[in-house]
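Chemist: Full structure from sequences and hints, please.
Chains as they are written, first to last, in our numbering: chain A, 5 to 153; chain B, 62 to 725; chain C, 44 to 306; chain D, 27 to 156.
The set of hints was computed from the structure by calculation and includes no laboratory data.
The C-beta atom is built at its ideal place from N, Cα and C for all residues, glycine as well.
A few of these clues could be false.
What the hints assert, rightly or not - Computed beta-carbon distance windows for the label pairs:
hint: 1; chain 1: A; residue 1: His78; chain 2: B; residue 2: Asp115; range: 36 to 46 Å
hint: 2; chain 1: A; residue 1: Pro58; chain 2: B; residue 2: Tyr465; range: 30 to 40 Å
hint: 3; chain 1: B; residue 1: Tyr465; chain 2: A; residue 2: Gln123; range: 29 to 39 Å
hint: 4; chain 1: C; residue 1: Arg214; chain 2: A; residue 2: Pro58; range: 55 to 65 Å
hint: 5; chain 1: B; residue 1: Leu590; chain 2: C; residue 2: Gly173; range: 56 to 66 Å
hint: 6; chain 1: A; residue 1: His78; chain 2: B; residue 2: Gly196; range: 25 to 35 Å
hint: 7; chain 1: A; residue 1: Gln135; chain 2: B; residue 2: Asp581; range: 40 to 50 Å
hint: 8; chain 1: C; residue 1: Asp137; chain 2: B; residue 2: Met543; range: 37 to 47 Å
hint: 9; chain 1: A; residue 1: Arg93; chain 2: B; residue 2: Arg591; range: 24 to 34 Å
The primary structure of each chain is shown beneath.
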Amino acid sequence: MQMTSDNETWEPKIIAFCCNWCSYSGADLAGTNRLNYPANVKIIRVPCSCRINPMFILRAFQRGADGVIICGCHPGDCHYMTGNYHTRRRMTLLFSMLDYLGIEKERTRVEWVSAAEGQRFVDVMDDFVGQITKLGRCRRLEDLRCRTN
Amino acid sequence: MQKIGVFVCHCGTNIAATVDVEAVAEAARHVPGVVYATDYTYMCSQSGQDLIKDAVKKYGLTGVVVCSCSPRMHEKTFRKAVDSVGMNPYLLEIANIREQCSWVHKDKEIGTKKAIALMKAAVAKAELDSPLTAGETPVVKRALVIGGGIAGMQTALDIADAGYDVDIVEKNPTIGGKMAQLDKTFPTLDCSSCIVTPKMVEVGQNEKIHIYSYSEVTNVSGFVGNFKVTIKRKARYVDETKCTGCGLCTEKCPMKKVPNEFNLGLNNRSAVYIPFAQAVPKVATIDPNYCLMLNKGVCGLCSKVCGAGAINYKDTDKEIEVEYGAIVAATGYEIMDVSKYDEYAYSQSPDVVTSLEYERLMNAAGPTGGELLRPSDHKRPKTIVFVQCVGSRECDSTRGGKPYCSKICCMYTAKHAMLTKDHYPDTDIYVFYIDVRTPGKNFDEFYRRAVEQYGVHYIKGAVGKVTPENGKLIVQASDLLMNEQLTIDADMVVLAAAIEPSHSARHLATMLTASMDTNDWFTEAHPKLRPVESPTAGVFLSGVCQGPKDIPETVAQAGAAASKVIGLLSKDKLAGNPCVAHSDEMMCTGCSQCADVCPYGAITYVDKEFRMRDRTTKVRRVAQVNPAVCQGCGACTVTCPSGAMDLNGFSNSEIMAEVDALCR
Amino acid sequence: MVYNYFPGCTLKEKAQDLDTWGRRCAEVLGVPLTEIPEWQCCGGVYPLSKDEIAIRLSSVRALIYARDNGGTLVTLCSACHNVLKQTNFDIADDENFSLKVNNYIASDGQEYHGETKVLHYLELLRDVVGFDAVKKAVKNPLTGRKIGAYYGCLLLRPGRKMAMDNPENPRIMEDLLSAIGATPVIYAQRNECCGGYLTLEDSDLPEKRVKRILANAKAQGAEMLITACPLCFYNLKKYAEGTGVEIRYLTDVLAEALGVKEG
Amino acid sequence: MASNYTVTPEEILAISGVNPRRCMKCGRCTATCPAFAEMEYHPHQFVAMVESGRIGELMNSRSIYRCLSCMACIERCPRQVDPARLIEAVRLAVERKQGGNHLIPDQVPERLEPDMPQQLLVSAYRKYTK
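Modeler: Here it is, written out as structure tokens:
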């Protein structure tokens, strides 16, 4: 699936949505502990994983993202009590729809990372970036008018 | 046109070592909308903050982006800084280029590239930021405590002590709760009544505390600082203001065959009654299920003998509405119904009792005047078997079993065993246990005393069957350490029945929008750090309603809940979190889906008149978010099918702009 | 309304009393029982293992017949009742079991998911006829007779699946005894095992068990015990001699009260 | 008659559908068992021994034929471990092997008594043979 022409310079673009209370803190903890993970991962802070509108994910793929990962509190630990349960259900639906559209299921993921799990955040990101790198560029939904490279 | 200022922090070398901060500032200067960009060693220092403040004034900035550490560190600091020079604090954004960039990458080129991307995303968001103002609501300086047991009383006393008015709503005719029914308390064996009745008097006499006894909460509306609560005052048929509590009516009442609930039905009371001698308020109540006058229209004796003229057969339930700033749930517990565990023959023999019944049988003010006599024949029991964990620690709920440990049983059983041995040293006592759980100050020593000094037989095993026969209770049990099946001819069997939440608690939780676990215990806002607050702002938890506890723990939690209430009531106004949801009334279709997902009950519906294009008006049902209740999770924004819901501070367009910027 | 009836092997042979009087009483009470054709033995005991499928199929066939002919299946024998009701419960509750059974019966073009309502004769009296109606139909009330109900193990357990009464403190037979004018005697051993089939191999334990049960019943004042289980009946009767406690089938006593049988 | 033939705990768990790890060792099964005195290994021991893999000992024990399947332990077990199911599973493991039947038809006539109900024979046959 990889394009040969621009493959040498290609770096996967990965958007990570992190909830403010658990996963964003988990990502901060990874930093505090100086644990390295690929720079392709760029984090957007949201109050809760249930704030993530499927539109944001579609938009990311339109704008050329190669993978989107959603991180929230572990089930039962949501700061807002039930937010991550909504996320879990919504994303299951969305991901199967995306799969149908040709965005492979491996390009999207929901992970639970607590504020204490800096190492887990790193492990998850390493794994996800590796997975996306293998899959190659994602052009299925890309809006060519928005392409910048 | 927006005028954004970008400030890049070196954080000493924390950032500057892996990120070319000057390059980031330089890149910022080329971003449309950015009118000023600079870098500095420590942005959070006083001089760093001054740098931002000066730039805001000098360039008339409409937005500020600080590229520094995590917003969890210094977002507040920088927001305060810009606020001090007249800029709305919510126009400031942080790009986290330390924890999420310089500290996790080693290559300076890669780090710089990512820092620039993060800066651009923050600028994109800042361009769309709108000024937000936290709403302010006044606080009603009065608290409501639901439940008048030791938890509710302690919370009320502590709140009153700080000078605030408190109301206690108690469903029974008197306050005092379960503790008033206990004989002695572990591990000190001091008399329960001797410590709880003075508390009850203190509550009754405190000018700041008002007791609504024989009353129930029937409706709760409003939000933190401004609750409106409907209290139903059940018809008592006795005027509380006139009754002197002399008790003459209870003596003269001819209907004396009413099971006495204070003694758990072990003896009878009259139809007009005062639950016990130290009741607060000491006022009589007529039981409408048994009163001859109310049921058959004949009698009227109590009215005739009442010198105060307090009896009123025409009394009805009354509802009153009161406003409160804070609500404390202190609804306590009940003893589980053990009739499904009838292998222990509770329904078949009066000599099989629950621990609370045993407590009354030991109590000097109980049905036997403190002499331990078994209910069937009023003889003194020589052999008593205590069965632990009846209904506790079960995973099968068909019999109403509870998955949790009831926590207090091990200790009160050791207490019962010792007290019994104290009074009647020749009694043989067997305790069948799964584990003896005694964490707590002086608890294990207490239990060991029962074994070592008093010679109570603790047997690791269980009771399988109790067969009442020829005036005895034949107990078939296992002794796991001996690998034996035992048969004990006992005179009494005492069941340590599981405790469960008050049956009124779930209904109350629904009214309070406070959450509960699967066992109907109230859930705390955080299991470690916010143990006395419910997740619903302004609702606090005191005592066993949150989970099984003994008396000292209950009192400690009651005091903690009171201090939280005092903290709330001491404020004149409450500043809300401005990052809350709001609905666009023009787009809202009134479908209710947002209200369904809101964990806080912050969304209500109103019928609103809209002007149509043809100059007619139309009434539509639209969602309204109460900003004082909304916590800003955003669940509603995604659920909303029409896109009418949005979240301040994390709006759809703001997050979309961040996505766009990061993908560029 | 058709009440399909599964008599079971023993009621056709050694326990004909239980069967005959059960049918006659049902007729008198206006709920005549229709024996289903070609029933096969229930197996006597319900397998406690997960992986025994074939031996439960005969029950499933009876249940299917009942479903297609009115929807109700009445049994009288405690053992048949236990097997049929547990099978019916499991097929609705245990997906794996249901799948395997349906694979078997698919060859007959059948499918079954637990639609039939399985009733014990006592449930028929309590829930369909009503004990008040039974009381009205009594011709020879057993006034003053102190009778203990013996439930044994199969009638009520496992309580979750039998869902007939509180398995630890049942009332259904006591209520029937009250309805026919007798004084029910409650004794704790009424739901403890009689020793069951062990009697074939080693009669020591059944003897011990029965003596314990009889002693308890007698101590509580019972002159007679009634049961719905032929095996309990056999074990009880074997060791009841000389104790002065009479052992009878519940339908036998019911028939006496209803005047169907000369007392 | 002791045999070295044994099966794994996993097989027992598959036959019984029981999870012995749920057991909290309260002893209610052994307290309630009417056949306690006839058993070498008691219901709570079945649970512990299956979990620790000592199934061979159980298979060679007379205890497996002494369970009455009265379901009292199933009814009263607070953890849904259901010891009777484990006992049944061990017995089935024995009976399913070659020559494992505990009751052979030839033995039946000598034990028959005139009043024995059919149900008794059917049940005993179900319990003691493959």
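Chemist: If a hint holds in the structure, say so; if it doesn't, say that too.
Modeler: Going through the hints against the structure:
1. A:His78 <-> B:Asp115: 36 to 46 Å: Since the Cβ atoms of histidine 78 (chain A) and aspartate 115 (chain B) sit about 45 Å apart, the hinted range of 36 to 46 Å holds.
2. A:Pro58 <-> B:Tyr465: 30 to 40 Å: holds (39 Å)
3. B:Tyr465 <-> A:Gln123: 29 to 39 Å: Because 32 Å falls inside the window, the suggested range holds.
4. C:Arg214 <-> A:Pro58: 55 to 65 Å: holds (57 Å)
5. B:Leu590 <-> C:Gly173: 56 to 66 Å: At 59 Å between Cβs, range holds.
6. A:His78 <-> B:Gly196: 25 to 35 Å: holds (32 Å)
7. A:Gln135 <-> B:Asp581: 40 to 50 Å: holds (43 Å)
8. C:Asp137 <-> B:Met543: 37 to 47 Å: For methionine 543 (chain B) against aspartate 137 (chain C), whose Cβ atoms are near 38 Å apart, the range 37 to 47 Å holds.
9. A:Arg93 <-> B:Arg591: 24 to 34 Å: holds (27 Å)
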